[in-house]
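Residue numbers (the numbering used here), protein chains in the order written: chain A, 60 to 395; chain B, 60 to 395; chain C, 60 to 395; chain D, 60 to 395.
One or more hints might be untrue.
Heads up, the list lumps identical chains together, so a pair's fine if it works in one copy or across two of them.
20 Å max Cα-Cα, derived EDC-like pairs, lysine to aspartate or glutamate [said to hold, decoys possible]:
| id | residue 1 | residue 2 |
| --- | --- | --- |
| 1 | Lys-326 | Glu-252 |
| 2 | Lys-213 | Asp-314 |
| 3 | Lys-281 | Asp-329 |
| 4 | Lys-281 | Glu-250 |
| 5 | Lys-281 | Glu-339 |
| 6 | Lys-326 | Glu-187 |
| 7 | Lys-219 | Glu-339 |
| 8 | Lys-281 | Glu-252 |
Everything labelled a hint here was simulated from the structure, so no lab data went into it.
4 protein chains.
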Amino acid sequence: MAGHEAGRSGDMAGHEAGRSGDMAGHEHAHRLGWLGTGRMGAEMARRLLAAGCDLAVYNRSPAKAEPLVRLGTKPVVTAAELAARDIVFITVGSSDDLISAILGRHGLMSAYGMAPRVLVDCSTVSPEASARVRAEIADRGTSLLAAPVMGNPKVVRAGKMTAAVSGPRDAYLTAEPYLTMLGRGVTYVGEGELARMVKLCHNLFLGVVAQSLAEITVLAEKSGISREAFLACLNKSVMGSLFTGYKAPAYVNLDFEPTFTATLLRKDFDLGLAAAREHEVPMPVAAIVHQIIQGLVGRGYGDADFAALLQQQAESAGLTLVSEHADVSDGLNTNE
Amino acid sequence: MAGHEAGRSGDMAGHEAGRSGDMAGHEHAHRLGWLGTGRMGAEMARRLLAAGCDLAVYNRSPAKAEPLVRLGTKPVVTAAELAARDIVFITVGSSDDLISAILGRHGLMSAYGMAPRVLVDCSTVSPEASARVRAEIADRGTSLLAAPVMGNPKVVRAGKMTAAVSGPRDAYLTAEPYLTMLGRGVTYVGEGELARMVKLCHNLFLGVVAQSLAEITVLAEKSGISREAFLACLNKSVMGSLFTGYKAPAYVNLDFEPTFTATLLRKDFDLGLAAAREHEVPMPVAAIVHQIIQGLVGRGYGDADFAALLQQQAESAGLTLVSEHADVSDGLNTNE
Amino acid sequence: MAGHEAGRSGDMAGHEAGRSGDMAGHEHAHRLGWLGTGRMGAEMARRLLAAGCDLAVYNRSPAKAEPLVRLGTKPVVTAAELAARDIVFITVGSSDDLISAILGRHGLMSAYGMAPRVLVDCSTVSPEASARVRAEIADRGTSLLAAPVMGNPKVVRAGKMTAAVSGPRDAYLTAEPYLTMLGRGVTYVGEGELARMVKLCHNLFLGVVAQSLAEITVLAEKSGISREAFLACLNKSVMGSLFTGYKAPAYVNLDFEPTFTATLLRKDFDLGLAAAREHEVPMPVAAIVHQIIQGLVGRGYGDADFAALLQQQAESAGLTLVSEHADVSDGLNTNE
Amino acid sequence: MAGHEAGRSGDMAGHEAGRSGDMAGHEHAHRLGWLGTGRMGAEMARRLLAAGCDLAVYNRSPAKAEPLVRLGTKPVVTAAELAARDIVFITVGSSDDLISAILGRHGLMSAYGMAPRVLVDCSTVSPEASARVRAEIADRGTSLLAAPVMGNPKVVRAGKMTAAVSGPRDAYLTAEPYLTMLGRGVTYVGEGELARMVKLCHNLFLGVVAQSLAEITVLAEKSGISREAFLACLNKSVMGSLFTGYKAPAYVNLDFEPTFTATLLRKDFDLGLAAAREHEVPMPVAAIVHQIIQGLVGRGYGDADFAALLQQQAESAGLTLVSEHADVSDGLNTNE
């Protein structure tokens with residue numbers, strides 16, 4: 060199965076969707092909608108507006124949509140009004156929200172005789188909820204793309220988010236130019252809910268990297284190297300990623316203000332390891348990290364950012380951490 | 060302890076060494092030498108030449124130095140002849156090689172009344188060997204910088220290597236402009252052999268990342284996603300690093316031609332975990348990966364590239380891997 | 060919550076149920092039944108007969124009950140006929156079997172106006188199935204005890220099985236004298252399905268011990284010590300248990316004829332770790348063993364005895380195992 | 060290589076050394092010595108006295124030997140005076156003590172023209188120290204047996220210790236009747252220092268079992284089962300060992316008064332894992348337990364009994380432990 064790439068690294072796989080001139084006309088050929096403009100949704104919608112797209116937005120509480128309206132988008136009063144749009148992007152908070160926003164009484168699919176061609180769900184919802192929506196809208200001629208996003212709102216704002224996309228290939232080709240505008244490009248990974256598996260794998264990896272980073276940072280510190288110097292070096296090395304870069308301020312200055320809580324990360328490990336069990340794939344490293352995260356929750360860090368893994372690691376090494384009060388960049392706003 | 064940064068990400072910490080004009084004169088102010096021009100050394104030396112430095116090179120077998128000579132460097136016949144240089148970079152194969160090249164009969168320090176001001180050892184040698192050299196050259200007024208390199212020859216060629224540097228701070232300041240020319244910049248991490256600890260931490264991290272990547276790639280594949288699509292997506296995400304990028308061809312096309320063997324990685328884990336034990340730092344994830352690498356060696360993959368972790372992982376998941384024969388970039392030659 | 064002990068180690072907790080004279084009359088005071096006389100059930104029922112109990116047995120295929128009939132038990136033709144008994148022990152193969160045998164059309168509870176006072180379920184069934192039975196029989200005045208057995212048929216035959224028991228305390232006191240006859244004594248652990256949790260914990264421990272035994276046995280062998288000598292010594296030491304004793308023949312002579320398959324052990328780890336997750340208890344060692352067992356299944360040993368963990372461990376240590384063809388006792392028939 | 064068994068389980072392997080009548084004469088045929096009568100040595104020597112042996116004892120501080128003198132042993136004033144004995148048992152505190160007691164100025168081998176035939180070293184010393192002693196005494200015609208003991212003083216007193224023995228086979232046959240008197244029997248495992256490897260394996264196993272026990276005990280407790288009831292049940296089951304029995308009081312009543320500290324257990328894991336590395340045996344479970352023990356030390360429990368693993372496990376599960384103040388037997392004084 061060949062991956063289908065879009066975006067800056069588009070040369071890595073078959074199909075390519077650039078931002079070249081002949082695409083420009085195409086980009087304006089579709090009428091777009093956005094359902095759910097929380098922090099993530101607002102940042103993403105803003106990028107479509109900046110690219111000159113025709114965009115209507117709906118949010119349960121209209122106040123949250125206002126900043127986008129000031130940028131030129133058209134507000135609508137019910138989700139159903141988005142039915143006239145060709146492609147509707149969705150960023151809602153939960154599986155239940157997805158079902159009620161799409162299939163509910165005044166939901167997107169409730170308008171008589173009218174429905175978008177493609178829905179692009181960028182939320183993190185259960186495969187079951189997604190599959191149910193997919194099935195129920197199919198006979199209305201509407202396709203669902205699962206497009207879970209990798210990155211937080213700051214990453215989106217910096218133009219560095221990506222997404223895995225799965226669902227009908229023709230629906231993907233329709234939506235691809237707009238998906239490409241959202242960040243660093245997206246990857247088509249196949250039919251159905253496969254993109255959600257990619258997201259789970261991504262988050263397992265993120266947890267493992269965070270814990271390994273905690274281990275080596277504490278080792279470096281006990282050896283006499285400041286966390287700032289150590290992480291600066293690591294981030295400049297081939298091992299450095301946007302992720303290890305934007306977690307550096309937390310690890311250096313001990314800011315555990317949550318971007319993603321330990322409890323939420325545990326949830327993703329629950330799901331990821333359950334998927335691994337279903338597919339009969341042993342995951343020795345992910346499994347041990349799962350237990351370490353459970354320990355973090357048990358020790359009372361459940362509502363802290365998962366970067367508190369550093370704190371737990373230091374405690375078990377007999378090291379008392381203090382903030383280095385260093386001026387560490389999160390690396391998101393470089394032009395690299 | 061504040062990190063001291065040089066290079067493109069120099070804004071991350073205090074001192075900065077740019078490539079700006081006023082530095083250009085400085086760059087040409089020192090006479091440089093290079094001792095040991097194997098694959099790594101040759102690529103690194105080439106970068107100094109390209110920047111217009113005055114460079115003399117020595118290699119035990121002169122043939123290996125020839126390509127550099129053609130590029131304009133001055134060959135010398137004995138290591139001792141490099142004694143007239145201000146700064147000498149060293150890339151040798153082992154601790155014993157280091158000691159004999161520096162302290163031996165015709166070694167660098169054997170010239171009467173003459174010695175470089177600074178030696179920069181970019182090799183991977185033991186802290187003991189390094190400390191011995193450091194001590195013996197000190198009374199000759201020569202300082203040793205430990206500057207273990209993070210990256211392989213292809214990474215160097217792409218201009219993306221980095222190094223942690225430790226030793227006397229004034230020696231560092233002298234060598235910094237040239238170190239900066241070698242790649243993406245370097246980080247000063249403190250006195251003595253501290254840079255070697257950074258390298259060990261880096262390699263522990265590399266092993267953990269490689270194993271975690273193997274786990275999630277096999278999970279993705281058993282779920283129905285091609286390795287190519289999966290890794291393309293991951294590499295485009297915030298988790299993607301140069302490392303995960305340049306290992307993608309190996310994971311996709313099963314090319315386990317060694318860049319770094321499983322046995323060598325085990326050695327780094329031996330050293331890294333011994334250092335952790337000495338500093339009383341528990342390393343649960345690194346320790347389990349150590350054992351997994353030992354298993355890889357036990358199953359006969361000791362001389363294969365450590366990317367064979369993917370093979371071992373697939374076997375334990377009941378999955379038979381076949382090459383995807385995909386045209387996957389290693390990501391090193393982008394301008395990103 | 061105080062444990063309630065019965066049997067030979069009765070002195071370890073409050074209540075004691077010996078085999079002393081004044082209990083003898085009591086033992087014969089109840090009419091007993093046995094539902095399901097597979098390998099485990101037959102061995103257990105045989106012990107009640109040997110102690111002189113009044114016992115009726117039912118098995119779906121009557122042939123399996125015949126050996127017990129020859130020993131003096133009364134066969135019955137439907138499960139319903141056991142309704143006239145005071146206490147009925149149950150050993151069936153699955154949750155569904157339990158439900159149909161008790162609540163089904165001709166099941167134990169189908170007799171009009173008649174039901175045993177106490178059911179003692181010694182099967183390994185789900186807590187859900189057990190709870191359903193418990194609830195449905197309660198209004199008939201019948202109590203259910205969960206009494207999952209720890210030990211295999213050979214252990215039962217040797218008089219060395221035990222069981223955790225949970226359910227109404229008065230029902231326990233009624234059944235205790237007979238439970239005590241089944242082996243080394245039982246332990247009352249509380250209300251409801253708690254005994255099933257004990258069984259899960261027991262089996263997690265069993266898997267961890269089996270893997271650790273594999274690790275150290277291979278280490279000893281690669282050091283030059285025969286498995287026979289090593290395990291003889293370990294079994295004689297304070298670490299030796301009946302379990303490590305009766306697995307010795309398998310580890311020494313590589314007899315992986317299943318007593319309990321790797322797939323079944325994985326199932327118990329699935330359940331045990333799910334319970335740990337529910338109770339928010341990190342289980343680092345059990346989790347890693349879970350993944351090792353998954354690897355064993357993935358490598359094709361799913362239907363072999365879980366002692367094949369030794370084989371997997373040897374392979375990863377580069378060791379080819381051969382049977383030692385030694386005359387090793389399983390330790391079950393000693394009088395210790 | 061066939062194990063050579065002696066003692067009660069002697070039927071498990073070839074050679075047997077019982078306590079039968081015809082052996083009695085033999086037992087008194089040798090003149091025995093004991094060097095070092097600390098807690099372990101005193102308990103062991105007492106058993107030889109009780110069996111009627113002719114025993115002389117030496118201890119650096121004579122006061123410690125007095126209780127044995129009152130039981131009929133002959134005190135000597137220097138280690139050298141034990142040279143007239145046929146077989147001398149040794150229980151000293153460290154490798155240095157061994158070397159000075161045997162090879163030192165007034166050591167056992169310092170007497171002119173006289174030396175025991177066999178030394179039996181029951182201490183825990185390094186293989187290097189042992190090998191040195193072995194080599195130096197060989198040309199005096201004296202053989203060394205390594206016989207590290209498995210069990211603590213209470214285990215010895217209860218008659219339940221065992222030992223692995225290695226060294227020259229004829230020396231073993233000479234010493235065997237007396238070794239058998241020390242506890243449950245010993246096992247001959249081969250030449251040289253092999254017995255020390257058995258001890259390391261034993262202690263790795265002990266650590267793994269202690270941690271697994273901590274995990275399941277906390278799981279059981281959070282499910283609603285008292286530690287007392289849970290451990291009573293486990294100890295009655297096939298998984299119960301003398302070890303799990305005699306740790307029960309610590310786990311139930313939280314008595315972490317050290318019998319063996321976490322720091323000492325870590326030391327054995329250091330050695331055991333180093334041996335595994337040398338023999339290229341991956342030890343995934345032992346390695347993770349090693350790190351968990353390191354964490355225990357890092358959290359300040361280094362001088363507590365290793366049973367504090369339970370405490371650490373409870374903390375990571377968010378459970379506050381309180382003593383159950385239960386009357387739990389350590390199981391050592393049963394006649395089982």
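Provide an ascending list of the numbers of those earlier hints which the structure does not satisfy.
-> 7
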